[in-house]
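Novice: Residues per chain are reported as follows:
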Amino acid sequence: MPLAPAVTDLQQLKTHPAIAKLLAWNSSAVLAAKFDREEMTIYIERSWLREACVLLRDDTDCPFNFLSDVTCVDWFPSEPRFEVVYQLLSIPKKERVRLKVRLEGSAPAIDTVTSVWPAANYFEREVFDLFGIRFTGHPYMRRLLMPEDWEGHPLRKDYPVEGYR
Amino acid sequence: MAHLTTMPELEPGQDRTMILNMGPQHPSTHGVLRVILEIDGENVVRIMPDIGYLHTGIEKTCEAKFYQQVVPLTDRIDYLCPLTNNLCYVLAVEKLLGLEIPPKAQWMRVMLNELTRINSHLVWLGTHAMDIGALTVFLYCFREREDILRLFEAVSGQRMMTSYFRIGGLALEPPLGFFEQTGKFADRFPAKVDEYENLLTGNPIWMMRTKGVAKLAAEDAIALGASGPTLRGSGVDFDLRRDMPYSGYENFKFRVPVAQDGDVFSRYMCRVRELRESIGIVQQALQGMPEGPIKADAPRVVLPDREKMKTQMEALIYHFKIITEGFAVPEGEVYQAVESPRGEMGYYVVSDGTAKPYRVHMRAACLANMQTLPKMCEGRLLADVIAAIGSIDIVLGEIDR
Amino acid sequence: MLHLTLFLIFGAICVAGAVNLLVQRHPINSALSLVVVMGSLAGEYLLLGAEFVAAIQVIIYAGAIMVLFVFVIMLLNAGEEERAGGSRVALLLGVPGMTIGSLLMAWVLLERSGTQSVMMGALPGPPKIIGWLLFHDFLLPFEVTSVLVLIAIMGAVVLASHPEPSQPRKKVD
Amino acid sequence: MVPLSYYLILSGVLFACGVVGFLIKRNIITIFISIELMLNGVNLSFVAFAAQWHALSGQVFVFFVMVVAAAEAAVGLAIIIALYRTRDTLNVDRVNLLKL
Amino acid sequence: MLSIETFVVVSVIKIVIALFVLLTAVAYTVWLERKVVGHIQNRWGPTRVGPFGLLQPLADGIKFIFKEDLTPPHVYKPLYIAAPMIALICALTSIAVIPIGNWVTIGGVHTPLQITDLNIGLLIILGITSLGVYGVALAGWSSNSKYSLLGGLRASAQMVSYEVSLGLSLIGVLIVAGSFSLRDIVDGQGGHFWGFIPKWNIFYGGQFVAFFIYLISAYAETNRVPFDLPEAESELVAGYHTEYSAMKFAMFFMAEYANMITVACVASLLFLGGWHGPVFGPPILQAILPVFWFVLRVFGFLFVYIWVRGTLPRFRYDQLMAFGWKFLLPLAIANLVITALVVAWRA
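Residue numbers (the working numbering), protein chains in the order written: chain A, 1 to 165; chain B, 166 to 566; chain C, 567 to 739; chain D, 740 to 839; chain E, 840 to 1186.
Hints are computed from structural coordinates only; laboratory data are not their basis.
Any given hint could turn out to be false.
Stated by the list, open to error - Below 25 Å or equal to it, Euclidean Cα-Cα: the simulated BS3-like pairs (lysine-lysine) are:
id : chain 1 : residue 1 : chain 2 : residue 2
1  : A       : Lys100    : B       : Lys357
2  : B       : Lys225    : A       : Lys100
3  : B       : Lys418    : A       : Lys93
4  : B       : Lys521    : B       : Lys418
5  : A       : Lys157    : B       : Lys521
6  : B       : Lys357    : E       : Lys874
7  : B       : Lys230    : A       : Lys157
Said to hold, decoys possible - Residues from chain B that keep clear of chain E, each with C-beta distances beyond 10 Å, as calculated:
id : residue
8  : Phe231
9  : Glu318
10 : Gly453
Where is the CB? At the ideal position from N, CA and C, for every residue including glycine.
Generate the whole structure from the sequences, applying the supplied hints.
Specialist: Pasting the structure below:
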């Protein structure tokens, strides 16, 4: 299967259920979208993330009721530096969609989605631990993998591989 | 949904309760899980898992390796099903590359994956039964696991850390007689499952210990991100192999076992039935194993055969280039999920166009499954915590990565 | 002679256990001292020939009642007792008083009834005869005690059962 | 041959120890243990008198004492547990209020 | 009647022999368990030390003696040290009243094959085993560890609870036999009825149910699978002996196996006809055979113990208590009442 070029035009992608739903609700929440390698990515405006998640979860046609994963990509040194990535799955429709939120490098913070999917609890703690992104409203924002007194966030690109000396 | 996520601080001895620190060194926390329990006598008031004792920073290590060098690292994540990890990673990279895999390699991958699933379930069954006190099942399971490990050793040269799947195909041709051996194993295995079930399924004590214990409702399971047998044990009929097929799973006929009660016994039954289904897939794969190459025709990505390398100039050059500077992967990102023995294992690979992955993230099925533990155990007895931990089949290597 | 020797040995252990009970500050030590006292008392009963009583003494008293005590001490994790003002007065007045009283009693007993003595195994108390007595002559008391035990069990269950979880706990200083 | 009085003295000494313990101990469990010690002292004199008078009813009485002791222990320890739950102490000096 | 000197000498000899035999039996019960469980589980068990691993107990003993004897900080030392001794002493003492065969005459001395024959032998065994609780409970408490404490609490609650059923199941036999003396009880089981069925209490006395209750309670009393909650490895690490090492641990270990043997002996004596069995051949064989039959029964009982261990999972604490109080105890009382009625009707 040779690689097809990625589709980034929002108009062409309007038929996708998740994008259609989001656009119908609030077109300013959707910043961009990308259909690449059979996977749909939607960039969400950061302040609308929680509402967008609730909307996608409670959608009657194609409910994205399962949060597969929350992670983050660090695009240091470009800005906005962080991309928080949510992988959603619709168990009834067997459909996946990826939500992305871009965050600036200094004191990155974003709303938690633990109230939408409790599953986000550990995932968000892991992202906080390894990238230093604060999830506001998270019930227990503590380090998950590293020791409590660890300095720095190891998965950031500017974190020295041997650790701070 | 707040009741599913509250994680208050545990403070000792407020009201006749006692804080019991179970783990990280404890016989039944399956590795280095630490569970902090607040107990009132034998009753568990609150429970809080504490993880990270096996954190090895594999995700960070991946960023410093070439794409093909990441494969051996993936073995070490979920060390009970290394081939599933291999498969998930290579599928993700192949998707990034847009590689077409020859059918024989796909069928081999499916077959070995199902053997891995059996292998992993056997370890689970043995340890789970041992946690509940049935010692003999453990050794019976390891007897069959030994057979599978011998097959792995025959095919890949390694018993556990196989690294057998490569980007673009398989590492080696399976040796002579491998399929016969596998066939023999597949023929005698169902009788062995009967043996385990004879010891456990109808045993009144086993049923007393597992039925109605550590219940998890379907909506809670979905909300908490549980997957695999933990989800199917709660009555949600979802299996990535059937519902979102990958690596040629659409060519195989198998049933997805689902149990409705959401208790330890349901999860046990799901997995035991999966053992039988998996061996059925192995048999189908053996019968329909296609002929042909085991590697994709992509000289820039796939290492050439040893023979060609010694006779052909280009092959030698490609070999040299792949080994020394890897191969560039087109920009993009991919989330590839496969059904591991524990649930949805997903690899999120981001490429920036160089020969090293920009970011590799593993979605650990166990990490999400373990979030269900407080929901399952609170208000129950100490012994039920052990049963619950066993029933969600955790692997700390995957949780901590 | 053998009788006297054994009596003295068991008696010494008995008294030592009882005194140790008083001296020890930790309740579990006191409880165990009492077990020792009971064990040696069983020996004394054997010397008197009351073999059934001796066995029951060990089974019921040492094996059940005192286990209950030890269990409760473990359950409440009771620590060493603290000294309080009142106990000092009791110690100063009570101990000499009791000692004098005991000595007086001993003297009286030795003077007044020193002539009678009992043989080793003077009155065998085989289970058969004891059972006969219990179920004929003492049938009514026996049944009454059974009712008493039943009431005690019910009372213990009610008293020791957990209070309602919703009920807030009050602190008393 | 042991004079009966020896048994009675031993019994008296045990009883006295029990009384002293009852008076000087402040831990309610130890006080309870002292009561058991007194009962044991009495039991010994019962058996000794039974041997002297050749009347087995003395031994039978020991059984009744044991049964009563068992019942008393069950109820008493239950009360102690309930007490500890409400007051967090085993010291009798601190249990000086009849209500909470 | 023996003279006092002969009595003392004979007693000391018997005590030494009995202790030696018991301790050897303990060691080889461990060996047997490892072998049998090994074969149940598709493996060999000990094979390296001596033929069939027969010297393994010796090697284990040497290992236990030479291991470092750790005393963790913050334990309550007097009781921490005393607890294993209490457990072991109680376990070993009860063998004193267990007869293993008839009277024999050796070198002109006529003596029973038993250290001492008391007519309240069974009560003595019950009393001593009931004291065994202290070893376990105190070990759990004095270790000052939460796992040990939970194990100790579980153990004392379990042992006290199941002792009730155990005692009641024995009373049925006592009613049939009409004596507390173990020797009398065994003597009452000689002969056959209907020509071929041996007159064992389990058949003739109608004490089959009692035997069943005894079997289960005995497993619980000795903390064995499926009632091994006090030392449930997967829950409480090692329960009450978590903090013990070296010889102190070995004492608990020996106590457990000695208790198993005692329980097996009592079962053979009370339910399975003791040493009765076909006796034939030359006099020396006639002397040995009863002992052989007795040992065979004990062995059979131990084998069942080990077999169960290889097969069954473990109960949960509340299930264990419910089983003991709500099932076994009523069953034992019912058995007692029925036995009493039958005996009264026969008389």
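Novice: Which of the stated hints cannot be reconciled with the structure, identified by number in ascending sequence?
Specialist: 1, 4
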